[in-house]
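For the sequence shown, my numbering gives the first residue as 1, with consecutive numbering after it.
It is worth saying that the hints were derived from the structure and are not from the lab. Built from N, CA and C at the ideal position, the CB exists for glycine as well. Careful: at least some of the hints might be erroneous.
[To be verified] Just the calculated beta-carbon pair ranges, DEER-fashion: (1) L360 - P248: 18 to 28 Å; (2) P672 - I560: 36 to 46 Å; (3) A472 - P248: 40 to 50 Å.
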Amino acid sequence: MHQPPHSSLTSLLQSAEDARLFAWTGEFRDRRVEQMYRQSRLDPSRRLLQACGLAATAAFCLLLVRDYLVHGYGQTFFFFVLVRGLGLAVGILFQYLVQRLNDVQMLDVVAGIGMATLTTLTFMTWMISAPPALSAGSLVFAYLLVFYLLVPCSARLTLSNAIYVSLGMAGLAIFWLPFRAESMVGLALFALIGNPLGFAGMRQIKLERRRNYMAREEARRVTEALSLARQESRRRSEYQAWALDALPVGVMLFHPDGTIHTINRRAAELLALPPGALNPGDSHDALLRFLAQRRDFGDVELSDMRYHIDRLIRGTAGTAAARHTPTGKVLEFTIGRLPDRSVAVTIFDATERYALNRRLRHAVEVAGDGFVIYDAQDRIAICSSRFAALYGLTSEQAIGMTFEELVQRGYDRGVFSRDEKDQGAAASVALGRRRIPERMVEVRTNAGEWFLVHERVTPSGDLVVVRTNITARRRMEDELRRAKEEAERALAELRGAQANLILAEKMASLGSLVAGMSHEISTPLGIGVTAASHLAEEIGQLTGRFRDDQLRRSDLEGFIETATEATRIMQGNLARAARLIQAFKQVAADQSTDDLRLFDIGEYLHEIMLSLAPALRGTEHTVEIDCPAKLMIRNRPGALGQIITNLVMNTLQHAFDDGARPGRIWIGVSQPREGRILVEFRDNGRGIAAADLPRVFDPFFTTRRGTGGTGLGLHIVYNLVSQVLGGTIAVSSREDEGTRFTINFPQDVSA
């Protein structure tokens, strides 16, 4: 009988599936899948192994009775007792291990060892007393079937124990047991029949069990998927209901036949529907009649409601707004059709928005000198009356006009100039319009008024324009500009006068230096002239005595002494005058030329003090200089000389003005770090008042204005230090404790 075609195809597909999934032993090809399957059958396998172990242990105990009945009490029975006792111990240990193990791989190992131990103990009993050939063959056949069909072990372990049983039986039969040839054939037949039969049964059992396992797993997955799908469906329905109730707008859903599907909580609140007034399944016409009977929207009849709803459904109207009489709220209704032809109605509470629109209209009217909003098409959407009045329009007339139309009307009415080059023309507003998010432009009308136009582009594409009249501000700016120009001119003149005063102060200082130096030089020169005159008289007297032959030895000795003394006086005073002139020449040249050169700062400070000797003469004040030897700097010596001179003169004028006690000036030079020079100028004078200390470097600040002070000495010092030497200057002082100036500048200003 032929099978139907579809049955053959099913068998072919089943065979292909078996070859892909299962190995030749009937187990899964994938080791991980096989391990998962074996682990899932851990408890049934444990129970089956316990049953097999218990049966084997019981059989050993029963066989012990059989051994006693067959062999009686003797040496043979004693050996049997030892073997059966060993089997009982192994059985107890087997039961304990099977009960404790939770890993399927270890359970396989224990099962394999148990089978091998059972076989070994059986072979030992055969070696004690040979059984009949038929009994041995039947037992081998039974062992093979039990191992293959009952023991839940991996196929490899089962095959290993089956091979051990077969080979062990054959070895005993050949080399130990006294079996005849026909008995050997019987044993071989039992082994040859038991192995293929047991392996085929084992493979079929394993295949069926694994197919059932796959079917159960698939069914479980399908069941779980269906359960999850149902739960998700219920959850989605609950979420939808919860989401509809949580919406801030009212929502009503209607089936395609017009019956109510859902009314959320917000819709019931907005329409003031009592509980149970409308339920799912009611007709939408029942809702309209209910609202019309209660006069919820004033005098609107049922036919009017149907008319407006029909317009909304057809799309001829976007929204419909009406005031709900019981609550006093303004409600907006929007209707749309869903893809399944059902209808969705949204209800929005627009009360605050309508109130906000009213407030916005009032705010627009009082917003500056003009307010307007252009939509994305550059048409006026909102306009204040002040903005429209500039063009001779009302706000209602201006709404809807484009920007070009409005500017053209401004040209036609002569509000703005048509000259594109006029900065204040309306054309300047059009340039760059909407190119930047926000800008401010000043516009001038032909009447001379100025307006500040503030434009801002909103994210929706609208253009907000605020116009403010700034005519008064522009006039004030013009006045401020003129005042600023006049102030700048006055400041320039003042700076010129200040520069002249500073130059005059420097020249006066230099003139004072010249006058003092002249007086200082005149003394040694006068002494030298007097000595020379006296020497000339002595020479004349000596010459007269020589001519009159009255020259005596004592006269010649006296002349020699006089000439020697006069020469010494002339040399000393002329050398002093030469030093003064040299110092004056160097200091004066440095202060007049201000050239950059390399010099020894210690020697230069001594030259400056030498040039200031006339100012210090006649006083008891002393000057001390503390400077390392051969300290060379590259800077402008004239500026340094002017600084030290001004500080010394300022000290003599202000610190030691009372002359009550002799003063001390100390000038110290050091190198705080490589490349920097630190000059400290200290005195022990009267000090500077705390209120005057922050202003000592200010120009024209002096405490001796009535006695000839100009207030430029320390200002010149500050400018020379900061601008010429490239350094900094700081001052610290306390009243009656002296003053300290600290000057820090580079050793090489060119670097």
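Here is how each hint holds up against the structure:
1. Distance hint check for L360 and P248: the Cβ-Cβ separation is about 22 Å, which falls inside the suggested range of 18 to 28 Å.
2. For the hinted restraint 36 to 46 Å between P672 and I560, the CB-CB distance of approximately 59 Å leaves it violated.
3. Between A472 and P248 the beta carbon distance is about 48 Å. The supplied range of 40 to 50 Å therefore holds.
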